[in-house]
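Line by line, the protein sequences give chains A, B and C.
The first sequence begins at 3 in our numbering and counts up by one.
The second sequence begins at 9 in our numbering and counts up by one.
The third sequence begins at 2 in our numbering and counts up by one.
You may find that some hints are simply not true.
[What the hints assert, rightly or not] Listed below are the simulated DSS-like cross-link pairs for lysine-lysine, each with C-alpha atoms no more than 30 angstroms apart in a straight line:
{"no.": "1", "chain 1": "C", "residue 1": "132", "chain 2": "A", "residue 2": "27"}
{"no.": "2", "chain 1": "C", "residue 1": "755", "chain 2": "A", "residue 2": "262"}
{"no.": "3", "chain 1": "C", "residue 1": "209", "chain 2": "A", "residue 2": "266"}
{"no.": "4", "chain 1": "C", "residue 1": "628", "chain 2": "A", "residue 2": "262"}
{"no.": "5", "chain 1": "C", "residue 1": "764", "chain 2": "A", "residue 2": "266"}
{"no.": "6", "chain 1": "A", "residue 1": "262", "chain 2": "C", "residue 2": "111"}
{"no.": "7", "chain 1": "C", "residue 1": "287", "chain 2": "A", "residue 2": "266"}
{"no.": "8", "chain 1": "C", "residue 1": "316", "chain 2": "C", "residue 2": "764"}
{"no.": "9", "chain 1": "A", "residue 1": "262", "chain 2": "C", "residue 2": "634"}
{"no.": "10", "chain 1": "C", "residue 1": "628", "chain 2": "A", "residue 2": "239"}
{"no.": "11", "chain 1": "C", "residue 1": "209", "chain 2": "C", "residue 2": "628"}
{"no.": "12", "chain 1": "C", "residue 1": "132", "chain 2": "A", "residue 2": "158"}
{"no.": "13", "chain 1": "C", "residue 1": "132", "chain 2": "C", "residue 2": "155"}
{"no.": "14", "chain 1": "C", "residue 1": "155", "chain 2": "A", "residue 2": "262"}
{"no.": "15", "chain 1": "C", "residue 1": "132", "chain 2": "C", "residue 2": "11"}
{"no.": "16", "chain 1": "C", "residue 1": "14", "chain 2": "C", "residue 2": "764"}
{"no.": "17", "chain 1": "C", "residue 1": "132", "chain 2": "C", "residue 2": "66"}
{"no.": "18", "chain 1": "B", "residue 1": "80", "chain 2": "A", "residue 2": "55"}
{"no.": "19", "chain 1": "A", "residue 1": "262", "chain 2": "C", "residue 2": "209"}
{"no.": "20", "chain 1": "A", "residue 1": "27", "chain 2": "C", "residue 2": "66"}
{"no.": "21", "chain 1": "A", "residue 1": "266", "chain 2": "C", "residue 2": "634"}
{"no.": "22", "chain 1": "C", "residue 1": "569", "chain 2": "C", "residue 2": "593"}
{"no.": "23", "chain 1": "B", "residue 1": "80", "chain 2": "A", "residue 2": "27"}
{"no.": "24", "chain 1": "C", "residue 1": "755", "chain 2": "A", "residue 2": "266"}
Bear in mind the hints are in silico, worked out from the structure with no lab data behind them.
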Amino acid sequence: MSDMLYEAPGTLRAALALLSGANGKARVMAGGTDLLIQMRSGRIEPELLVDIKHIPDLRAIALKRGGFQFGSAVTCMELIEHEAFARAWPGVIDGVKLIGSIQVKGRATVGGNVCNASPAADSVPALIAAGALARIVGPDGKRDVPVEDIPTGPGKTSLASGEIVVSFILPKRLPRSGDAYLRFIPRTEMDIAVVGAGVNLTLDRRGFCTLARVSLGAVAERALLVSEAAAALVGTKVDDAALRQLAAAASAACRPIDDKRGTKEFRFKVAGVLARRAAEIALQRAGRKN
Amino acid sequence: MARHHVTATVNGDAVEFLCETHQTLLEVLRDELRLTGTKEGCGTGDCGACTVTLDGRMVCSCLVLGVEAEGKAIQTIEGMAVGRDLHPLQQKFLEHAALQCGICTPGILVAARSLLERNPDPTASEVRYWLAGNLCRCTGYHKIVEAVLDAARELRGN
Amino acid sequence: MSTMIKYEEKDLKVVGTRPLRPDGVDKVTGRARFGADYSLPGQLIGKVLRSPHAHARIKSIDTSKAEALPGVKAVVTRDDFAEMPVEFALSGELTVNFHDVTRNMMAREKVYYDGHPVAAVAATSESIARKALGLIEVEYEVLPHVIDVLEAMKPDAPLLHEEQYTEGVTPRPDKPSNLAKRMVFSRGDVEAGFRQADVIIEREFNTKPVHQGYIEPQACLASYTEDGQADLWTASQGHFVIRSQCAKVLQMEVSKLRVMPTELGGGFGGKNNIYNEPLAIALSRKSHRPVKMVMTREEVFRATGPTSGANVRIKMGCTRDGRITAAHAELNFQAGAFPGSSVAMAAMCTFTRYDLEHARVVANDVTVNRPKVAAYRAPGAPIAVFGVESVIDEMAKKLGIDPIEFRLRNAAREGTQTYYGPKFGPIGYVQTLEQARAHPHYSAPLGPNQGRGVATGFWFNIGSETSSTINVNEDGTVTLMIGTVDVAGGSRAAMAMMVAEELGIDVDKVRPIIGDTSSMGFNFITAGSRGTFASGMACVAATRQAIDKLRQRVAQIREVPVEAVLWKDGHAVPAGGEAGQFAPMSLADVAKVAGRTGGTIAGHAEINAQGAGPGFGTHIVDVEVDKQTGLIKILRYTVVQDVGKAIHPAYVEGQLQGGAVQGIGWALNEEYVYGDDGVLQNPGFLDYRVPVASDVPFIDTVIVEVPNPNHPYGVRGCGEVPIIAPMAAIANAVENAIGIRLCEQPMSPPRVLKAIDDAAGAKA
């Protein structure tokens, strides 16, 4: 541990070179809020830390071709404080706001939250519901991957050795759209989600739902995109019957475990409750825009 | 053994120190710079006792590496009083009996100052949510929230 | 011989005001030095190797590779500590047995819990010490373990101690058992009482262990020198008791060990005992270097004292008009790895708020594979009272009697005979109930899914051995040395206020400090809410002794008999009548000439304070229950408590608020979660969920003052009572909100939601 090296490259190219030269013994560090805890507990013992916070592109938030794009090393607080982003994607902000304390959010990044691959990560269901893509750069070039395809299980991702998530790309926001993310925790703050639910929907002029995406966190080995739950909303006015179906579909999609944070039974039930409540907020947000 | 030479400012003073990669900013502050006002309650970012600001943003110093402080401006509890005068938050904490054992107090004061810099007129609920990352086991938070609201009033000048 | 100083009503100038605390500026500027803030030149860092098993026999320990690691200066194991015979001593509110103390600080034959110390290392850096721990080879024979108290009481349960035969049962059992001791407290004829009852309610309650959750992990620094003397800095609730215990287990003479109290970053009962202190001294002895040891948060949770998890059965009967006719309780408490839980105290607090002719409490102390329990604020009482106050609420509801009225009809008052021993003197229980009933909170409207609950608590409070010294300085200011650690409530301020009141001077002329173990006589630990009561009494006694000396000195200077000199408002004045006239002298006047009129003036007291005043409190809470998720939100909270006299009302309010919020945490979310392997799964503040600021509302407080006749200012203890009622009050409020009675703690969302679903299922 005392031999661990630290590098803070100023370019992506340099970061990639450091990673490829480290034979898999390097870890990418953004905010470090998960990484430092894992190192301290001895769960991981990297030989090299590659701090990506000094790469300007990875710290940027920009509107590109009508859609937002933000770097993977943007801190949660920077994203929360970006007014235009927060107006466009209040549901993503719901998720980001729930990542730890204000102190932790001053350091933690969405890129780290996704790559840490906790099934309970709060920004992940919100990004999935939003239809976000992650841009990945590695030795073999660049690829854009839906966020739901990155975490594959607790602590595991689909990233290849030497690859870095550099940014997240959100689609152009359509009129009459709204998103929301809710999680259940026993306290009001500072807990890990026992269940999380994200809903993103778009209405037509008559108030019928034309597009919907629903996601769940902490109810399986990774965050889930639940198309059956989304289907319950599309074509409806998001009325009580549709919301009931949504809740039922959300509960049915869970494959939870019993653990120190909650029981299976609780997660099945509360997944439906939260999906419904998140949909109600998303609906209100979609309506408010017009 | 790789030791990093780091230069930074702490409470406005230039400092330089050597640290190993794994050493946290908290360890550097306490063990290398002997600024023991910043406390360790958990080492995992869950209690807020180690709160400092890094380039104006509040962070848990247990979740920052010392080497990351290169070129940064760090503010700790030791820099909160201005000369002979306590900061209004410090004074209000005394007047409202907002501290008991005092182990969480430095972190809470740094966090509260950070809140009032951003939001000079917070509600009680905003104070509570902002301070949710700072555990206090003695006070039940009641007098802390009162003291922060009173300090905010004083800082606003009414 | 014990000491009591009687209460006198008088006009007060200092007592009852709210001066700033003497330790305040240091604490808001980061200057205050806590356990981990002390360092010595050349110090080493000590770390502990802990058992990964809940129960195992240690077959061998090989430390050779660790000792060979460069930078490692000493390693200690069981071989470095002497066997201790069975010998009991008071340690805070609980009793310890040195045979067990030495085994808890360092495992000998067996490890009894996940986190049990097996070896300790001192090295030149923390990273080397950690590395060395990994090089120690321990061979274990893993044994079956048991954690749940009822499981542990079964005849075929895994046995912790082969030599442990249940005490308190006749005939003596012929087989060893995890049931260490059975105690019965009884009055009247309970069966006859139940025959008189119109309504009988019997319920079973289960609670999980919870931790004191102080934010400062245990920390100490030891320096042992070649002449066999040692200095120890440690954050504890009682440095004299730490000294006694360390000297005993290290076989040192008491005078050779000097213990310096540091600022204490919270204790709540959990810092009454030795953990790392003897290891640090032993490592220092072996390495000839100072050794600093600071626990990680994980170590704090795994290896320092939580309170008991418990199974409690309550049966109570009453008449139609709401008179309790009989009460029976069985309390089964986890003691942890070694006997000595708080069950006896819990038993004495179970029904004590009520005037009962027929009552019986059976208390069982049960060893299980968990850390040895430590005291936690009113040790044990909240657990027993959760059950009793829930049953009381149910009886009141069944009879259609207002819950406060029901309690008033049965309330203990002056003259009430308790079932465990004493008869009450003046107490303020009835006043707390009446003031709670009159409080606007009690009649405020409630919304849907909201409910209101009431519950009450009693705690004895204690006195015990106490030392105090005042020195009158040459300029007339006063230095006050106290032996009782200020466990954060502000007792230093309270002591200085009582001394200032006695002397008739401003409180800022009195500087209170906590003396180390070599600077004054033995002083018991800060426990049992004894600080302001017992130390206050000692400070008053020391001050009165100094005042006598001041009067003598003035008599000598003014050439009058000492009876002619009265101490009033900070001055020696003529006593009046035929005593004669002389020019008054202020404290500063006398101090200035003290040197040449006979030497400096001091007063000191070494007393065993007796006559602690029992404390009572009544809590009101409003909750809202989310019936779809089981989440309980605390909307409003009011604490009404008799404190005897609030020396510093703001600090008393702080005790009431802090205790109530700890009780709220206990009620809602705090618990130790063990896996099937007996390993603690939540040893951190992420998953051990103490309340955060946004979880709780403002806590209203109403201070009732029924003076304790056995204290010069009427002080009762106040720190422990407020944690007793919250669990029951919240359970009663939930019942009021949604009609479901919760008998399991914590009332966490999965449990509440299950109870809601089960109730719906039962109706369907």
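Okay, the hints, checked on the actual structure:
| no. | hint | verdict |
| --- | --- | --- |
| 1 | C:132 <-> A:27 | 20 angstroms, holds |
| 2 | C:755 <-> A:262 | 16 angstroms, holds |
| 3 | C:209 <-> A:266 | 21 angstroms, holds |
| 4 | C:628 <-> A:262 | 22 angstroms, holds |
| 5 | C:764 <-> A:266 | 23 angstroms, holds |
| 6 | A:262 <-> C:111 | 28 angstroms, holds |
| 7 | C:287 <-> A:266 | 52 angstroms, violated |
| 8 | C:316 <-> C:764 | 26 angstroms, holds |
| 9 | A:262 <-> C:634 | 21 angstroms, holds |
| 10 | C:628 <-> A:239 | 26 angstroms, holds |
| 11 | C:209 <-> C:628 | 24 angstroms, holds |
| 12 | C:132 <-> A:158 | 28 angstroms, holds |
| 13 | C:132 <-> C:155 | 42 angstroms, violated |
| 14 | C:155 <-> A:262 | 26 angstroms, holds |
| 15 | C:132 <-> C:11 | 64 angstroms, violated |
| 16 | C:14 <-> C:764 | 63 angstroms, violated |
| 17 | C:132 <-> C:66 | 11 angstroms, holds |
| 18 | B:80 <-> A:55 | 13 angstroms, holds |
| 19 | A:262 <-> C:209 | 13 angstroms, holds |
| 20 | A:27 <-> C:66 | 27 angstroms, holds |
| 21 | A:266 <-> C:634 | 23 angstroms, holds |
| 22 | C:569 <-> C:593 | 18 angstroms, holds |
| 23 | B:80 <-> A:27 | 28 angstroms, holds |
| 24 | C:755 <-> A:266 | 11 angstroms, holds |
Violation of the numbered hints given earlier is confined to hints 7, 13, 15, 16; the remaining hints are satisfied by the structure.
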